[in-house]
Each structure stands twice: as structure tokens, then as C-alpha cells.
Amino acid sequence: MIRRKRTQAAPPDGPEETFEPYEEFRRIPLPVYWIAIALAIWGAVTLWDNAQAVGVGRQERAEQIEETPAAALNSGAQIFEARCSTCHQPNAVGVRSAIPPLAGSRFVAADPAVVVQILLHGIDGPIDVGGRTFDAHMPSFASVLSDAELARVATHVRQTWGGDRQEITAAFVRVQRARFAGRGAWRGGEELARVVDPALGPQPSAGPAVISAFADPAVLRLVNQGRGEAWACSSCHGAAGQGGANIPRLAGLPEGYIVKQLQDYVTGRRRNESMQTVAGALTDAERRGLARYYSGLRAPSTAKPELGGDVSRGEQLALYGDWSRNLPACFSCHGPSGFGVAPGFPSLAAQHPAYTASQLAAWVGGGRNNSDVQLMNEVARNLSDADRRAVADYLATLPPVPAVTQERR
Amino acid sequence: MDDDAKPSPTPRDNPGKGLFARDLIYAVGGGFALFAIAAFAFDAGWLRDRKAGEADGDQDVQAAMFQPPPDSAIPDGPEGDAIRRGQAIFMNTSANASDFVGNNLSCSNCHLDGGRRANSAPMWAAWTVYPKYRSKNKQINTMEDRVKGCFTYSMNAQHSPTGGPPPPGHDVYKDLQIYMHWLATGAPTGEDMEGAGYPELEMTSAGYDPARGAQVYAANCAACHGGDGQGQYDINGRPVFPALWGPRSYNWGAGMARVNTAAGFIKANMPLGQSNRLSDQQAWDVAAYINSHERPRDPRQTGTVQEAAQKNHGGEETYYGRTYQGRLIGVGTPEPTSRARP
Numbered sequence: 001m002i003r004r005k006r007t008q009a010a011p012p013d014g015p016e017e018t019f020e021p022y023e024e025f026r027r028i029p030l031p032v033y034w035i036a037i038a039l040a041i042w043g044a045v046t047l048w049d050n051a052q053a054v055g056v057g058r059q060e061r062a063e064q065i066e067e068t069p070a071a072a073l074n075s076g077a078q079i080f081e082a083r084c085s086t087c088h089q090p091n092a093v094g095v096r097s098a099i100p101p102l103a104g105s106r107f108v109a110a111d112p113a114v115v116v117q118i119l120l121h122g123i124d125g126p127i128d129v130g131g132r133t134f135d136a137h138m139p140s141f142a143s144v145l146s147d148a149e150l151a152r153v154a155t156h157v158r159q160t161w162g163g164d165r166q167e168i169t170a171a172f173v174r175v176q177r178a179r180f181a182g183r184g185a186w187r188g189g190e191e192l193a194r195v196v197d198p199a200l201g202p203q204p205s206a207g208p209a210v211i212s213a214f215a216d217p218a219v220l221r222l223v224n225q226g227r228g229e230a231w232a233c234s235s236c237h238g239a240a241g242q243g244g245a246n247i248p249r250l251a252g253l254p255e256g257y258i259v260k261q262l263q264d265y266v267t268g269r270r271r272n273e274s275m276q277t278v279a280g281a282l283t284d285a286e287r288r289g290l291a292r293y294y295s296g297l298r299a300p301s302t303a304k305p306e307l308g309g310d311v312s313r314g315e316q317l318a319l320y321g322d323w324s325r326n327l328p329a330c331f332s333c334h335g336p337s338g339f340g341v342a343p344g345f346p347s348l349a350a351q352h353p354a355y356t357a358s359q360l361a362a363w364v365g366g367g368r369n370n371s372d373v374q375l376m377n378e379v380a381r382n383l384s385d386a387d388r389r390a391v392a393d394y395l396a397t398l399p400p401v402p403a404v405t406q407e408r409r
Numbered sequence: 001m002d003d004d005a006k007p008s009p010t011p012r013d014n015p016g017k018g019l020f021a022r023d024l025i026y027a028v029g030g031g032f033a034l035f036a037i038a039a040f041a042f043d044a045g046w047l048r049d050r051k052a053g054e055a056d057g058d059q060d061v062q063a064a065m066f067q068p069p070p071d072s073a074i075p076d077g078p079e080g081d082a083i084r085r086g087q088a089i090f091m092n093t094s095a096n097a098s099d100f101v102g103n104n105l106s107c108s109n110c111h112l113d114g115g116r117r118a119n120s121a122p123m124w125a126a127w128t129v130y131p132k133y134r135s136k137n138k139q140i141n142t143m144e145d146r147v148k149g150c151f152t153y154s155m156n157a158q159h160s161p162t163g164g165p166p167p168p169g170h171d172v173y174k175d176l177q178i179y180m181h182w183l184a185t186g187a188p189t190g191e192d193m194e195g196a197g198y199p200e201l202e203m204t205s206a207g208y209d210p211a212r213g214a215q216v217y218a219a220n221c222a223a224c225h226g227g228d229g230q231g232q233y234d235i236n237g238r239p240v241f242p243a244l245w246g247p248r249s250y251n252w253g254a255g256m257a258r259v260n261t262a263a264g265f266i267k268a269n270m271p272l273g274q275s276n277r278l279s280d281q282q283a284w285d286v287a288a289y290i291n292s293h294e295r296p297r298d299p300r301q302t303g304t305v306q307e308a309a310q311k312n313h314g315g316e317e318t319y320y321g322r323t324y325q326g327r328l329i330g331v332g333t334p335e336p337t338s339r340a341r342p
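Chains as they are written, first to last, in full-length UniProt numbering: chain A, 1 to 409; chain B, 1 to 342.
Watch out, some of these pointers could steer you wrong.
[Said to hold, decoys possible] DEER-style ranges, computed between Cβ atoms:
1) B/E335 x A/A232: 26 to 32 Å
2) A/R269 x B/T302: 28 to 34 Å
3) A/L47 x B/E202: 34 to 40 Å
4) B/D71 x A/D385: 22 to 28 Å
5) A/Q59 x B/K132: 54 to 60 Å
6) B/R327 x A/P198: 55 to 61 Å
7) B/G326 x A/A245: 57 to 63 Å
If you're looking for bench data, these hints aren't it; they were derived computationally from the structure.
Cβ atoms here follow ideal geometry from the backbone N, Cα and C, with glycine treated the same way.
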């Protein structure tokens, strides 16, 4: 290669007959050999080293993934701590005027079907607990917990705070799961009292049903068919905006956040070849319409830990951070349970680990530079590779955000 | 190409051109070789991995200070239960001590990392200096007295369901104190500890100015605390970022309402995870901007604001009792009708 360059570097500039191929007689200078040899050694060592690392990594991941089923067999109390306490608090007192307490709640002491139905479908409307009204959005755990896990955590909650010794079985949960399969969240205490257990007593009404079907046909056409360079969103992000692998889940991301990302692809503050093409082909109104569409979508979680990260370390980072490395908790900005804080802080729950990890790498590598006050650049820089995989895998275990459309908010 | 020692076999218009090409090849090739060696050294771990951010200046400073025990070291039994209750109050004050909290703040909003973080008024350093004399109330204060002050001012207890701080001897004090006591496990008594309180910033030559602070705020704080300083809430109305002024923030009697205290806290701790990002000047200015806004009244005020300013705020760096932009500061904000998000 170097020889060819030399030939090109000295083209015959006189007439043809005076041309002499004098390079043929000149030796290649010694330093060029040294350089070539150094590069060859480096290449060989790097290839070998990479092959080793990939092998070791694969083995480690396989081992860790094998351990996961054992870790999943935890007690109801452990599931409560991991799944419920971020909102309801470890002592189940809730959060004033936001999250209802479980201790002494009529919902916990009622028919066992009530707790199980709430866990399976979530709640989306006002409920009365202890004389106070909470108008909150609880996620559905149907896609992230098995029947056996739901049974254990429901039993724990009812035994600890409902005063009922009866055990809820996985079979009971299975029946409850089939009972209202495919329905959305419960629309407040009034619907639960009417459909599941009248003993819940008078409950506040959720008001008239909101039309949840998204009406704008132009936006739906973009989502499903696309237009020219604006390829159909669903062709990569899935029919329900659920994403997959390194393609992000869009369902439930804040509207303002999605609009900003699309703009940032255009300005180059965020880089991705496909998305730059697509975002550039959309008008401002279309970006807003799509953001509105996806922000209100609820889709079951399709994310699973897949990077072999240490999920308990990931949980630690998400809930408490690691101040010895100058890392604040993820949830101190992205909200409890990683549900996000509109408009600036996206929901992280149920996001695909490969995507989360790739973004954390992009904050460091410069592929993404659109964080306010460089918050994410700093965080990503302080995360080790193992921590990135750990936190990405943990976030994939969380229930999806109970997305709220602007109308319902 | 052409060597000076050997005359060129062909007549050349520009013999310098070849020399340049050779130099270029050497330079680029040498560069590649150096890069390869360095990359190899980096891979093999001979160089320190900067990516993982192992050694930021601030982390070194933090690591050199007292290290409180981790949560996993909380003992079992009744004492451990009380420590956990105290920790729960500390982290989620408005729910676990709801009768005595009149705003949307928690202890952990200003004492970061659950009261562990050095230079963020850590509890392990506070525990060892009480009881002590405080000029704020001109008497010896026990830790209970001190915590009562936190509820009265920082948690704005006057607008709480009971209208005041926990009564003397209340379990809230006991649980919080045993949590602090446990955090201070192994800490020396009666010694000044490094990382105690908030750092004291020296006044800059330019002084502080809310107008300059407004720009600092917009660039560094508004993303989290909101352009209007009222914090931000999640979909369930749960506070994620605390309000910095207005009816759901600390009142005029709180230490954080002083410009110098806020400046020290901000410099050392804000934006979260980016200690010392702001210059001293920026910290002073933005603290002045935040604390020149109205907030709940000082509960000690009995007469006029000016009288209260003289009696309780003499010699302080505060906007309380001053007139700024034609407005008397310190008159207070109305009691919120609901404790939910605005």
C-alpha cells in the first residue's frame, strides 16, 4: 500500500519517453518497515485480545443469566421492597397527596381479588383511602411479574398491612389474570367497587370516560405507512411503540421529550443516521403529532435483562446512586420508578437494555450531546462499563410507565 | 523522493515535493505507530482508565473524609427498626412526619445522600457537635432543639396539619436522632470534622446580584427546578425536584434563606453530581436570585417585617426586610390550599 502511494506521489510529469521508473531501484526506507511491523503486531494483539474478551464476556453473561431464575424465587417481602417500596415506601405509608398508603387501606383488606386485580392492571383514577382521595396512576405488573411472584407479593401485602392470614396462590392469580384479560387500568376506586368488590364502599367517580382512540389519521399514516424518507415509525419501533434490542421503546415517553429528540437529530446534537433521515423529513407539526401519539401509548413491557449486568447493583444505582463515584440516583431526576418527569426527563422503565447501554456510551463518545447542563454526559462518564450494563438491565425489569395523555393529565 | 546525496535521475521541476511526501509518510506512519503503542498500553491497563472517572478531584476529597456506615450495616432488632424509621423520615419527611411538614420538602433535599454527603451538612458531623450554643436562639441547643428548628423553618411547620413542629420528646425526634447517631458511628466527639456543614464562600469583589443570578439560574438550574422555581412533579404529583421559593419551599427563618448559606450549598452540591461546576461568583449570584423571591413568612415575626428583620436577621446576608425592585421582601406567601402540585 505504501509502495503504491509512492508511485502515485511521483507521477511522470515530463513527456512519456523521458520517464524512468526510478523507484524500482530505491529501497524502502527502514523506518517504514518498522512502522509496518509495529502496526501488524498491534493489529494481531488487538484481534487476539478482543477474541478473548468476547469469549470471557459471553461466558460471564451465560453464568449470570443462569443465576437469574434462582434470584427470581424471592419472597413476597423482597418483591415488595424491589417493586412496590419506591412508591408506596418501605413502611407502606405512601407519599402525601400522591401515593396512597397500604397500611390500613380498605383496598388491601378487601377481597383478595382486589389487590391482585390492581397489581395486574394498575389504577388510573381517583381512589379514597382513609378518607383522603388519591388520583394517581399505578402501573400494570402483568408483563413483568409471573403468577407465582404476584401471588407472593399480594400475600405479603395482605398479611402485613391487611391483617389477613390467608395465602394467595399462583392458581388464584392465574384465574384473575384470565378474568379481565386485555383490559386497561382500573378507572379508579369506583370501577373496582362496582366490578370486583362492592365492600370497598363509596368511591370517588372517575368522571366521564375519555376517548382513548387517537384520532389524527395523518399521524397514524406516518406511524404505519410512512411517507418517502419518513419511514413508517412502526417498522422499527413496533406496532405499539414497544421497540426492541437497541431500538428504543417510545410508548409513554414525555411528549416534549420526543419533540426535542426529533429536533436534535436535525440539528446534529443527537446522532443516528436513520433517525436523522426520518426526523429531517418531518414537519414541525408532524413531530408534535407523533410525540403526542407515542406519549399517550400504553404497551406491555417487552424488555428483559439481556446484558448480563448485576441487577442488584443496577437497582442500587437507580435508587440511591453511588456518591463515591459522584453518581446521583437515576430516579432523583427521572422520577420514582423511572417513570420520567415531563417534559425534560424521559421515562426509563421497561426500556430495552441494549438501547439504554448504547445511549450511555453515546453520552461519553459524543454521539449524543443534547442533555441539559450536560447532566447525562457527567453521569455516563462516571459509570463503568459493568455499571452501564447493570443499570440498563435493572431498568428493563420495571413495569412500563402508566402513560397519561394530555387530556387525562 | 530525491535524496540530496544522489542526484535525481530525472530532471525535476520541484525536488522539494518529493521530500515533503517522504516526510509526510514518516510523520503519518510514526503517528500511527505511536497511536498503536498507546492504544496497546491503554488496553493492557498500563494507563489509568479515565473513562470510568475514577479520580475526579471532588471524589478524592470526599473519599478522604469520614465514611459513615452503609445501609447494610443497620443492626437488627428494635434499635435497627428505629434507625430505619429515622431514615424513612429523613428521606420522605412529608409522608413519615406528615403532621409537622408544611411544604413539599424532605431532609434529604439539602442533606444529600441521606445525610451522608460531605459538604452537604452531613448528619455524622452534626451529631458530634450537639449540644451547643447557638446565636440563633441564644441558648444551649440539644439535637432535639436543633431538629425542631429544621421543622419550624426549613419544613415550614406553621402550615402543617398541626401548625407546628413535633412537641418535645416526640418519636420523630427519637427516630431521627438514632439515625444520625448511627451515621456517626466511629466519628470523633468534640473535634471539627472535615466536610461538616456547607462550605463558606468568601464574598467576591463584585458582590452578589440577583439579575446576574437569573442568567445562571436559567442556564444551570431551571432544567430541574423549573423556570418558575416551583420544582417538578411526576405523573402522580409526587415532588421530584424541590421548590426553591414560593409557598411550597422553606420559609424565611430557614438557614437556606440566607444568601451565604445557599451559595455554599450550591457551590458544593449543585447541579446534582457536578460539584464545583459553578464559580464562586455564579454561586453567590444564583443564591441571591433564589433568595430574593418571596417564600413563607418567618414564624418568629410578631410585629412588622422590619422589626422581625432587626430582631432575628441582624447582620445576616439576607433579603428579608429589604426592599428589592420596589417590593418589601419577607411578607410571606399565602398558606397553600392543597399540598399537591401547584
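Against the structure, the hints come out as follows:
1. One distance hint, 26 to 32 Å for the beta-carbon pair B/E335 and A/A232, is violated here, with the actual separation near 53 Å.
2. The given range of 28 to 34 Å is broken by A/R269 and B/T302, whose C-beta atoms sit roughly 55 Å from each other.
3. Range check, A/L47 to B/E202: Cβ separation about 56 Å, and the 34 to 40 Å hint is violated.
4. At roughly 25 Å, the beta-carbon separation of B/D71 and A/D385 lies within the given 22 to 28 Å, and the hint holds.
5. Distance hint check: the CB atoms of A/Q59 and B/K132 are about 58 Å apart, consistent with the given range 54 to 60 Å.
6. Remark: the range hint 55 to 61 Å for B/R327 to A/P198 is upheld by a beta-carbon distance near 56 Å.
7. Under the hint 57 to 63 Å, the C-beta atoms of B/G326 and A/A245, about 59 Å apart, fit the expected range.
Consistency note: the structure conflicts with the earlier hints numbered 1, 2 and 3.
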